[in-house]
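> Chains as they are written, first to last, in the numbering used here: chain A, -13 to 269; chain B, 13 to 710; chain C, 992 to 1307.
Take these hints with a grain of salt, some might be off.
Heads up, simulated DSBU-like pairs for lysine-lysine below, C-alpha to C-alpha not over 35 Å straight-line [as the list claims (entries may be wrong)]:
1) LYS500/B - LYS452/B
2) LYS1089/C - LYS445/B
3) LYS641/B - LYS1089/C
4) LYS113/B - LYS94/B
5) LYS1000/C - LYS446/B
Simulated from the structure, these hints should not be mistaken for laboratory data.
Model, not experiment: these values are computed from the prediction.
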Amino acid sequence: MERAAAYWRQAPGAFRIGAVILAIHLTLALLGWIWTPYDYTARVGIPLSGMSWEHLFGVDQNARDIFSRVLYGGHIVILLAVSGTLLGVLVGATLGLTSGYLGGWLDEVVMRLFDAFNSIPFLVLGLLASAVAGPVASGNPLLLVGVVALVYAPRVGRIARSAAQNIATQDYVLIARLRREGVGSVVRREILPNCSGPLLVEFALRAGYAPVLIGSLGFLGFGVRAPLPEWGRMIAENRNLIFTTPEALLAPGIALATLVVGLNLFTDGVARLIGRSSVHENG
Amino acid sequence: MAQSEALSSGGEPLVAIRDLGLAYHQNQQLNDVLHHVSMDIKAGEIVGLVGESGCGKSSLSLLLLGFRHPAARIRSGEIRFKGQDLLTLPNREITRLRGNKIGFVPQNPTTALNPGMRVGAQIAEALTVHGKARGGEALRRRIVELFENVGLPEPRTLLRRYPHELSGGQQQRVTIAMALACGPDLLVLDEPTTGLDVTTQEQIILLLKSLRAQYGMAMLYVTHDLGVLAEIADRISVMYAGHLVEAAPTEALFAYPRHPYTRGLIGSIPRIDGSRAREGRLTGYLDRREIPPGCPFQPRCPLADEHCPVESQYLSGIAENHAVACRNWQEVTPLSFDDGELSRPERAAASESLLEVSNLTLRYDGGGLMVRLGLAAELPAVVREASFEIDAAEVVALVGESGSGKSTIARAISGLLEPAEGEIRFHGAPLQKKIDDRPKQLVSKIQFIFQNPDASLNPRQSVGRSLARPIEVFFGRGRSEAGELVAKALEEVMLSSDYARRYPDQLSGGERQRIAIARALVAEPDLLLCDEVLSALDVSVQANVLDLLERLRSETSVAMLFISHDLAVVRRLADRVCVLYHGQMMEQGRVAAVFAPPYHPYTLTLLMSVPGSPLRKTTIEPAAREERKPEPQGCAFAGRCPWQPDERCYDQPPPLHRTEGGLAIRCHLPLDDLMRIGLEAEENAPSAAQERKAGNLP
Amino acid sequence: MQIFLLCLKRTGTAFLTLLLVSLIVFAAIEVIPGDAATRIAGRDATAETLEVMRERMNLNQPPVERYLGWLGGVLVGDFGNVLTSGRSVVEILAPRVKNTLIMSGMAFALYFPLVLIPAIYQAVRRDRAGDHALSSLTLVLLSIPDFVLATFLLLLFAVAIPLFPAMSTIDARTSFVEILHVSVLPAVTLAIVMAVYAVRMLRDGLIEVLEADFVRMARLKGLGERRVLLRHALPNAVIPTLNVTALNLAYLIGGVVIVERVYSFPGFGSLIVDSLKLLDAPLIQSTVLLAAAVYIGANLLVDIAAILLNPRLRKT
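If we strip away everything but chain A, and leave its shape as in the complex, we get:
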């Protein structure tokens, strides 16, 4: 606890602002999960009636309370983003670290595949994956998790691989090889702990972009299924209200932007903290 407090005092200003924004977002997301002023699917007001005390951000075309929808959407966005990124980093890091340590033809094959995936622009790849799985899994949140992971894994894999290549030539890895330790053991004990910094930054960076990716897919009509108030799809469905009640777009837009700002500031700070002093772990 004391150490955490010391870190907090030393942390750059940007990191602290980011952490506060994130904390607010997380609290609101939790709150929205348990309670919202109105049910997010219920018809509760006069469509397009504008902002009022009853309906803070107004009411949409389908007479639903926008504030409740934005509030409820928080945990959807965050859960999808975090689990998708986590899956992508896990898969990418495992493949990248192993391939980078082993080298040779296996590494060559894995990297060519990563390169091929990476050369399809990520939004196009995401769209392609969603569209292909569309007929069976359209609108399923799990599909989005998979799509985010698919887009991220080869990118993380690239980073993990080059980090592992740098570590693999270090003398302590040679020493482990000279003990005839197995691939799994070397990757887990020697390589992974020393790549955890870049991987953590990579995770935070990707997690910061995941809401945008999910939002973009939602905006283009490839997101979660209809009544679920994911922010990107809300912006898309309220797009034609831009002339009449712009707050219907602005509310989810600002929610999304602040979440990403918070995540980015936080990541920036984490990267700097890692650059400055290493965090130890046992084992």
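Position chains B and C against the provided structure of chain A, taking the given hints into account.
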């Protein structure tokens, strides 16, 4: 010289540093780097500034060019150059002095030269910016002249080259030419020969001496290597943790160092004649978290009393030109050295052969598929037909400059690199080429210790984990059982058991190297492969690790392959020596035989280049003559050999001579000639050697 | 010779990657449940109609053969026909690509000054107020999703201050100047999003070079700040900048998808979305392959430029 003396006798010196204090702004606080530093540099004088890594000497040298890091803050004092204070001079004026009146020679020429610019253009820039030349043919002639002055071959073609096309020694000559371009009054040299081979270092030092004689400029020579300063400096200032602790003329400093730190530093240098200080070598290391407000050396000082931690010490004169910052300087006794040969404990000659290497040829697999398809040529062999043996409990040294293939041999023995040809036998049985083919119990018997202690420990594992892992892997013991063995291993390398809980970033370089040695020892090996294990360490730390290795040698039965470029260390530690040049074994034999005539011409060249060697030569050679490359089967040293008899050297394998002393030399010269050359070399410099001995010069 | 081999190797690798992409795209479409015939004909088509359609579209051949046939067509410029209307893919693609090229050309013209000026300013004045302010600004801009930014800009410059149209309609009769006018808002959006990212990269890259030994050496030679920056630092920071620009091109292709959607711009990006919505296999294959080809091509150019610019690789 006469001119410089005339200048120094009257008025202010060329450079006068007074009460200089410098701090770095870090984590919202100021960390002092230099404390009340005062020193003079007179016109035409070479002043040496010596100190261990991180003592502040580089910061000081950069301040002399008016250059400081953005986070640096001047706390006090001034630096007057020809009467102007460099610390308060406006930026425009400073820029006018830099590279013009004050030249700078950097530590690492490879990174200091712009990789994307031809070397000629980089010098031209220095000349034109200070208005020394306009361009065109005159500028070209001036650059050619400068290149000739620093001994660069074929200057007209060389100036159109890019830095990466030059050798390290040539690059350093380019930066020296750059520093000289505008005819400076002062040359600041920041570790100019660190990272160069000993023969190249020797040439650079001779060049600097001749340039001083020619132009009469003053120099500040900053280095960690007292041996080099003994060769070149008129006066030496010793720095410790940002404090100047002693300043004296070179001879006086070596003859009778009056500060305990200086004394320990001189006593810690491995000496080429094999002798060693009887006592007073440095112990411990500089711990930045424990610098007392008084004398910074106090925690490591044998003479410290109750005043030392609190009372600041400043340089004060004790004799003409000799100043010391120590309140107990009168208690410091002169250093005494034993006779190197006598102090060596004679080992019982072990008869059992441990490792036999025969006709080993090694090459790195460069092109892979490209080579097999015939699209790229196979890389030339790094090591060619090397053969040697190591007996049980014997220390065999592998000596050579960078690129000689000595580390590659160790990698092949360890199983990291598959030999192209030849055989390695261990305990009489052929050793599997690849590490993965060797049984575990065999793997544990050969242990590797690497050069760089920073890279050899996993930064995310505690010392205890690092030491326990080999025990778990090789002997299958659990963690609790391993704990006891870890404590024992730490004790073996003279560290307390609570080190097990520390992480590598909480250790000094010397401690890390001890842990690396302990990790090798817990596997209970028969053979240690020590790859330049001392060369990344500071002098004082080096002495401690060397003591540890000497103890292992005399108290345990582990054999060592000791790879080193440092002849003085080798002379102290090894039983037998193999000298390697460009992958060819030049000679091998017992230490006493290798370090006495007849010498192999290459060994003799090396010995002549070591600072402080009695065989030190005084002639200057042009850098790397455009030499003819010897054929693979010829003698690798052909083209560089000063005693080369004829053309045979280039294309015929040199014959093997064996002496009565058990020495095996490969050379086209007959043994008698080698003997004569060796004796002549010793005769040429006996008086100098005697003098040096008397003066404690290393 | 060595340099030629190196370039040849890079080119070979690029084509290999492109081949892999085509394989991935083809495989992805194979995975879609139900074949193209069912999708076009609808659920209540008779078995015979489906069979006739399959025969016509070669759907009865094994996948390997179809892949090779498709690849062979691509190599001679025949991308097949669109499923829905039966027109040739090239015919549909060409005008869309033209519009997008004009728009992204404009974006790149804005991009370079938007990157260079702030990045150089920040690197030179690092850790001062101006640097911090720009860093915060770029971080905030970086965090605003492009479709949100596009929507805001639309709100501002098409609705509140109607300088530009909210809907971009381009047909065969639209003049070049009109296309330019319609392209301004999407181009500005793209340029900002790309530049924000590159400014941060270039600033860090420049600072790294400015701390390099040889830059310090240039200062110690007595060179002025301007010469140090222009002659020593910038040329050595060019290669990383080129890499960022290639990365941005990758973004650009994804970005046009979003931006064209927001501004209803009839370009290549909206075509990708349409083809995916309709699951029109030939169109999906062609558009995705084209997108990847642009990215791979840009990277190849940057790689070769880096090789040519690096004296260490140029000679011997």
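> So, for every hint listed, does it hold in this structure?
Quick rundown of the hints versus the structure:
1. Distance restraint check for LYS500/B and LYS452/B: the Cα-Cα separation of roughly 23 Å lies within the 35 Å cut-off, and the hinted pair is therefore satisfied.
2. For the proposed pair LYS1089/C and LYS445/B, the alpha carbon gap of about 62 Å is over 35 Å, so the pair is violated.
3. For the hint linking LYS641/B to LYS1089/C, the alpha-carbon distance of about 60 Å lies beyond 35 Å, and the restraint is violated.
4. Between LYS113/B and LYS94/B the alpha-carbon distance is near 10 Å, which keeps this suggested pair within the 35 Å criterion.
5. For a cut-off of 35 Å, the pair hint linking LYS1000/C to LYS446/B stands: about 31 Å separates their Cα positions.
Comparing the model with each earlier hint shows violations of hints 2 and 3; every other hint is respected.
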